[in-house]
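As you go down the protein sequences, you meet chains R and Z in turn. Residue numbers for the first sequence follow my numbering, so the first one is 1 and each next one is one higher. Residue numbers for the second sequence follow my numbering, so the first one is 1 and each next one is one higher.
No incorrect hints appear here.
Residues from chain Z that keep clear of chain R, each with C-beta distances beyond 12 Å, as calculated:
| # | residue |
| --- | --- |
| 1 | LEU116 |
| 2 | ASN120 |
| 3 | CYS538 |
| 4 | LYS548 |
| 5 | LYS568 |
SDA-like mimics (lysine to any residue), calculated; alpha carbons at most 20 Å apart, straight line:
| # | chain 1 | residue 1 | chain 2 | residue 2 |
| --- | --- | --- | --- | --- |
| 6 | Z | LYS193 | Z | SER160 |
| 7 | Z | LYS92 | Z | LYS568 |
| 8 | Z | LYS146 | R | ASP30 |
| 9 | Z | LYS252 | Z | GLY336 |
| 10 | Z | LYS447 | R | THR8 |
| 11 | Z | LYS544 | Z | HIS509 |
| 12 | Z | LYS146 | R | ALA61 |
| 13 | Z | LYS447 | R | SER5 |
| 14 | Z | LYS447 | R | PRO2 |
| 15 | R | LYS45 | Z | ALA2 |
| 16 | Z | LYS568 | Z | GLU75 |
| 17 | Z | LYS146 | R | VAL27 |
| 18 | Z | LYS146 | R | PRO64 |
| 19 | R | LYS45 | Z | LEU3 |
| 20 | Z | LYS36 | Z | ASN100 |
| 21 | Z | LYS252 | R | ASN71 |
| 22 | Z | LYS146 | R | THR26 |
| 23 | Z | LYS434 | R | PRO2 |
| 24 | Z | LYS544 | Z | ARG175 |
| 25 | Z | LYS252 | R | ARG77 |
| 26 | Z | LYS447 | R | ALA4 |
| 27 | Z | LYS464 | Z | THR526 |
| 28 | Z | LYS252 | R | LEU75 |
| 29 | R | LYS23 | Z | ALA2 |
| 30 | Z | LYS434 | R | LEU3 |
| 31 | Z | LYS39 | Z | ALA155 |
| 32 | Z | LYS447 | R | LEU3 |
| 33 | Z | LYS324 | R | ASP62 |
| 34 | Z | LYS308 | Z | GLN335 |
| 35 | Z | LYS146 | R | ASP62 |
| 36 | R | LYS45 | Z | ASP4 |
| 37 | Z | LYS324 | Z | ASN140 |
| 38 | Z | LYS324 | R | ALA61 |
| 39 | Z | LYS447 | R | TYR6 |
| 40 | Z | LYS324 | R | ASN71 |
No lab work stands behind these hints: they were computed from the structure. No residue lacks a Cβ here, since even glycine has one placed at the ideal position from N, Cα and C.
Letter by letter, the chains look like this.
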Amino acid sequence: MPLASYQTSVPVVVDDAKCIADKGCTVCVDVCPLDVLRISDTTSKAYMAYDECWYCMPCEADCPTGAVTVNIPYLLR
Amino acid sequence: MALDQIVDGLSEVSCDVLVIGGGTAGPMAALKAKLKNPKANVVLLEKANVKRSGAISMGMDGLNNAVIPGYATPEQYTKEITIANDGIVDQKAVYKYAQNCFEIIEELDSFGIRFLKNENGDYAVKKVHHIGTYVLPMPNGETVKKALYRQLRRARILISNRYMATRLLKSSDGRIAGAISVNTRTAEMLVIKAKAVILCMGAAGRLGLPTSGYMFGTYENAANSGDGYAMAYHAGAALANLECFQINPLIKDYNGPACAYVAGPFGAYTANNEGSRFIECDYWSGQMMLEFYNELLSGKGPVFLQLKHLHPDTISEIESTLHKVERPTRGLFQQGRGVDYRSESIEMHISEIGFCSGHSASGVFVDDNARTTVPGLYAAGDMASVPHNYMLGAFTNGAVAGIDAMEFADNHDFAEFDAADVAMERDRVMAPTKREDGIPPNQIEYKTRRLVNDYLQPPKVTRKYQLGMRRLAEAREDMQERMIARNAHELLRALEVQSIMDCADMAAHASLYREESRWGLYHWRTDFPEKDNENWFCHTLLSKQDGKMTSDRRAVEPYVVPIADDEKDLYDKQRIRASA
Ligand SMILES: Cc1cc2nc3c(=O)[nH]c(=O)nc-3n(C[C@H](O)[C@H](O)[C@H](O)COP(=O)(O)OP(=O)(O)OC[C@H]3O[C@@H](n4cnc5c(N)ncnc54)[C@H](O)[C@@H]3O)c2cc1C
Ligand code: SF4
Ligand code: SF4
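Generate the whole structure from the sequences, applying the supplied hints.
What follows is the structure, given as structure tokens:
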């Protein structure tokens, strides 16, 4: 059966202007218990790659530049 | 190499004691094992990152079950938990916990984790349970993980993050020989030979589906997909009382408690839509949950946590705890809904089902030394069968497991496993990556968990269970024959779904076996509505025998702390009388 991709608005937002992943930071990617954050190949900034979030906050709390904002996933907002 | 790209690889390492799961119990188990024999190698294997993994990833607001001299005695605690768990308790393990836990509190204190004290410097313990006083707030609860991590580094524990354990290895004579794991970002496999293995993989939290439909919005840390339960099962270990589900009272649509444990001691209480109290005590027991469920359906619902009657300063104090630790997005959620605790009560609901001994009593069977029924295999924390264990139980029994496992490792050499077992597991693990076409893991998981909600959630109806098992068997066939994973991350989810499916089967099997109702809502069987002490005052043990799921009875061990006849049903009287 063919696969289609599915649109979803992800709860975690990274402010590219503040993110220093291009200087080697990977803190949020490292700490996330669900392993859903990645550094983008195109922008070299962190982003939420998978909508599988426990909205637990380590990514936001541990980011050294305050670039991460965790929102409540839309389905339960 | 980009993350998530699949690498076909297999390597092997060895250690004396392998601890799987670095949340709460795991770090303590690893630490105690290493301190017991500093020359030995201790590996702590973690699916996520030990720095921020597990139920306590953002800390905790308090200990739910602290037995502190001057406030409570081990005898009293043992009695309370025995009654709260409807008598089905091997008291030895609970009593040992109650005796040891104060020492662990002092040790945690020495790590820099502080507990609430009053003006005289005594621990300021609060009453939430029906009988005794055991709840101890943690003013800097957000530091727990950091403090533990420092200790692990200092003790030179070898930490392997982002490895998901998938199966245990045994020798032909049945002794533990190690474990197989998969790197969650490359899919490379790692075999770890070990003399003793401690399972600390938390609850089976992704069993039911939250009512919001968001698969990862579970009460438990969503990384806890029940892998430990599935691995223990496939290794032939016995699992106890799995029909005693975990179901918790939470904020409606949000996966955290409201939380009566924090707000109750300040004067908050659970009320129905008429503003009346309907339960005697907010301690989470199956009996309390049944009253909660009944109230929701009675026409007197919804159920609320009532705190707007409190002084604004008190509410601010409660808020500063609830919105900072444990589930810190709680405040954000309430803000989004426009709920201000000063003017509005908090709407509550009941959670999805799961397995968890931390909150109820469904876990891998262990004795008072944290030993499972497989020699050399230990379990601690939410996934081990010591009931109502919570965070302090995970720490305390993790310590017990660490010490005993190192003793075992000191007295045994490596057990030999069959290389064919590794090859077979490699085939199972990699199968979804070998298919060109099929069903992605998220769809199989959604369907499985939706079926769990539709058919297995209490009230448990025999006919519904039979139908549910048929539907689950169909989903299992799809999972085994057609599931695809196109990168290492999808493979992680594909492996988790296999644990979830195993747990769903175990939940159904165990529930049908116990032909009575017990533990309030947790095991309410409409076809057998009464508690039947004559036939079912016993544990049930589920295990794999000759490749088949099997359940047996196991007698409750003679009590260490006697319970008087008029105390036995104290937790059955949760509903407030009309006159009260
Ligand atoms: C929202 C919430 C609030 C709570 N509030 C309180 C409270 O106020 N007071 C209290 O005393 N208790 C509380 N508890 C209970 C307490 O936190 C738990 O009982 C305790 O932390 C469980 O510890 P654990 O080690 O068993 O599990 P966890 O701490 O969850 O650790 C399990 C670990 O295993 C890892 N893992 C899972 N599968 C695998 C695998 N296949 N391979 C490798 N690693 C794996 C996970 O990533 C995780 O790190 C709360 C729990 C929750 C979820
Ligand atoms: S932690 Fe912050 S700065 Fe570092 S990669 Fe993540 S978003 Fe960027
Ligand atoms: S909130 Fe938690 S699960 Fe979500 S991205 Fe951040 S660390 Fe990961």
